Amino acid sequence: MEIDVRKVAMLSRIRLTDEEAAELGPQLSSILGYVEQLSKVDTDGVAPTAHPHDAAMPLRANIVTNSNRRDELQAPAPKTESGLYVVPKVIE
Amino acid sequence: MPYSSLSDIQNRLNSGETTAVKVAQLYLDRIAAFNDTLNAFVHIDPAHVLAQAEASDRYRAEHDARPLEGLPIAVKDIFCTQDGPTQCCSNILKDFHAPYDAEVITKLKEAGAVLVGKTNMDEFAMGSSTETSAFGVCRNPWDTDCIPGGSSGGSASAVAAALTPAALGTDTGGSIRQPAALTGITGLKPTYGRVSRRGIIAFASSLDQAGPMTRTVKDSAMITAAISGHDPRDATSVADAPAIDWLAACESRDMKGLKIGKPKEYFVDGMDAEVRASVEAALKKCEELGAEIIDISLPNTEHAVAAYYVIAPSEASANLSRYDGVRFGHRCENPEDLLDMYTRSRDEGFGSEVKRRILTGAFALSSGYYDAYYLKAQQVRTLIQQDFIQAFEQVDVIATPTSPIPAFRLGEKTDDPLTMYLSDIFTIAVNLAGLPGLSQPCGFANNLPVGLQWIGAAWREDTVLSAAAAYEGATHWTTRSPAAFGGES
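Chains P and L, in that order, are what the protein sequence lines are. No gaps in the numbering here: position 92 of the first sequence is 92 in the working numbering, and each next residue is one more. No gaps in the numbering here: position 285 of the second sequence is 285 in the working numbering, and each next residue is one more.
Just so you know, these hints were derived from the structure itself, not from any lab. Check each hint, because a few of them may be wrong.
Going by beta-carbon spacing under 8 Å, a handful of chain P positions derived as facing chain L [said to hold, decoys possible]:
#1 I3
#2 R6
#3 L11
#4 R13
#5 R15
#6 L16
#7 L28
#8 S39
#9 R60
#10 N68
#11 E72
#12 L84
#13 P88
#14 K89
Predicted model only: the values in this text are computed from it and were never measured. Note that beta-carbon positions come from the ideal geometry of N, C-alpha and C, so glycine has one too.
With the sequences and hints as input, model every part of the structure.
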């Protein structure tokens, strides 16, 4: 199976060097070639697994449980200013 | 003393024969002596370890000892800890300091444990050999030219060489059980939903589960008892999980009336002959102890690796989208624009195995391929799960080899990702079905440890622990330790 590595890399927001792209192409083909065996399994009428124990998503009471820890939570950010995350210009 | 079990150390602390500070110092000295060789720990702060031990000794002087009072436990670098860095052995999280403790870390602290440090692992837990770590390979104490397994290889190596008496790992496709098997220790992956995942850096959310890596079965039970339980802040933690008596389960000394399933798909051509012989001999021993061995079939097991390598990378590609250079983690120098910042930060921060899995997942989830890959894999997953449900109508527990091969040599499988993936062939189905699994030592192949895997029905860790404890009591494998690291061999 041929895979457009550049397209998948862009979907993943990962820049690839030419060497990386050349190496990853055949590797992904080999992995997906192996995975291809799934198509031979008869799964007509089989429900896909949503949760290993079929548990429903739980709800909790609608009350605030977390305190304001903005400074600690922003401490690991590469760049902040006045409590905001600073990123390169988004709109031209 | 260094190769003592956690429960032996607990007895000596309780009798006043030793103190938490003395115990901590003993293991700190061993880390200082041996970690350069093994690279099992990627972060260690001796002063902080001793401060925790002193606090534990003070607590014991004034109160009743808590369940893990003064006991040293190391944790994989995947657990968020407020103390010290949490880096998941990835350059994208280099020098990251978590603003909160993972729920299991909070529970270990509340139980009185002394946290020893952070252990080496495959980057983002993606690997079976600890060779994808951004902080250097980890080595197997039984043969330092060999890998310790993965992804919790640092925890396994540290316990196997007695740099700590116990450690926590995480298991997404075998990452506790396979390294435990390859280093001759005991490791338990609890039922999915038994242990909180909050604050454990996510790899594949429907598969990840934390558990103990220890010298004995009882030690694994002691730790799981302390870290398990419903966490309202983790939506995948199950609220009405059946409670079990963890320690009572380990009192079992025989297997009278126990029905052990032996699945033919786990005893196949191509597996190492000595591994197979060790596991067959272990099953003979179980028969002597009163168990009945019943041949069973889990026919969809042969598709487990294929289903896993769609589901796990798909979930990983979504989970790892959070590393974007904005809120935490690595950001590239002088980004031209937002897209350049995302793509370059992620290229620089992620290693090649992580990129491979993100790309595989992004492909499987992409428009036009979703039904053929992701949906199909989740349907096959249902069939794998049904195989187990049917088997447990017939048997109490299932026994298999943990890994088809003993530890392999460093670099032996790094060229071909698919060969590496196939080394998890016997552990992956357990994660897909959300079941508990335990690996314990049962012999040697080519002078390297072999693991026996016990698989239980959902929530029946007690059956798994009872069988493993009875086997352990009737054999001597847990007392073996690597001579090169002061063990008895």
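Open item on the list: Less than 8 Å between beta-carbons is the criterion; does K89(P) satisfy it with respect to chain L?
Closed with: Nearest chain L Cβ about 7 Å off; hint holds.
Open item on the list: Would the hint on L16(P) be counted as holding, given a Cβ-Cβ threshold of 8 Å to chain L?
Closed with: holds, 7 Å
Open item on the list: Next item in the hint list is L84(P). Is there a CB on chain L closer than 8 Å to its CB?
Closed with: violated, 11 Å
Task: Agreement of hint L11(P) with chain L interface, Cβ distance less than 8 Å - done: Status holds, d = 5 Å.
Task: Interface hint for P88(P), Cβ within 8 Å of any Cβ on chain L - done: Holds, because the Cβ-Cβ distance from P88(P) to chain L comes to roughly 5 Å (cut-off 8 Å).
- [ ] For the hint on N68(P), just tell me whether its beta-carbon gets within less than 8 Å of chain L.
- [x] With a closest approach of 13 Å, the N68(P) hint is violated.
Task: Cut-off 8 Å, beta-carbon criterion: hint that L28(P) touches chain L - done: holds, 6 Å
Open item on the list: Let's test the interface hint: is any C-beta of chain L closer than 8 Å to that of R6(P)?
Closed with: Violated: closest Cβ of chain L sits about 10 Å from R6(P), beyond 8 Å.
- [ ] Classify the hint on R60(P) as holds or violated, based on whether any CB of chain L lies nearer than 8 Å to its CB.
- [x] This hint holds: R60(P) lies near chain L, its Cβ roughly 6 Å from the closest one there, short of 8 Å.
Task: Closest C-beta approach of R13(P) to chain L relative to 8 Å, hint status - done: Since the shortest Cβ distance to chain L is 4 Å, the answer is holds.
Open item on the list: Hint I3(P) vs chain L: min CB-CB distance below 8 Å?
Closed with: OK, holds: I3(P) within 8 Å of chain L, min 6 Å.
Task: Hint check, E72(P) versus chain L [nearest Cβ-Cβ separation less than 8 Å] - done: Because about 4 Å separates E72(P) from the closest Cβ in chain L, which is inside the 8 Å limit, the hint holds.
In this structure, the earlier hints numbered 2, 10, 12 are contradicted, and the remaining ones agree with it.
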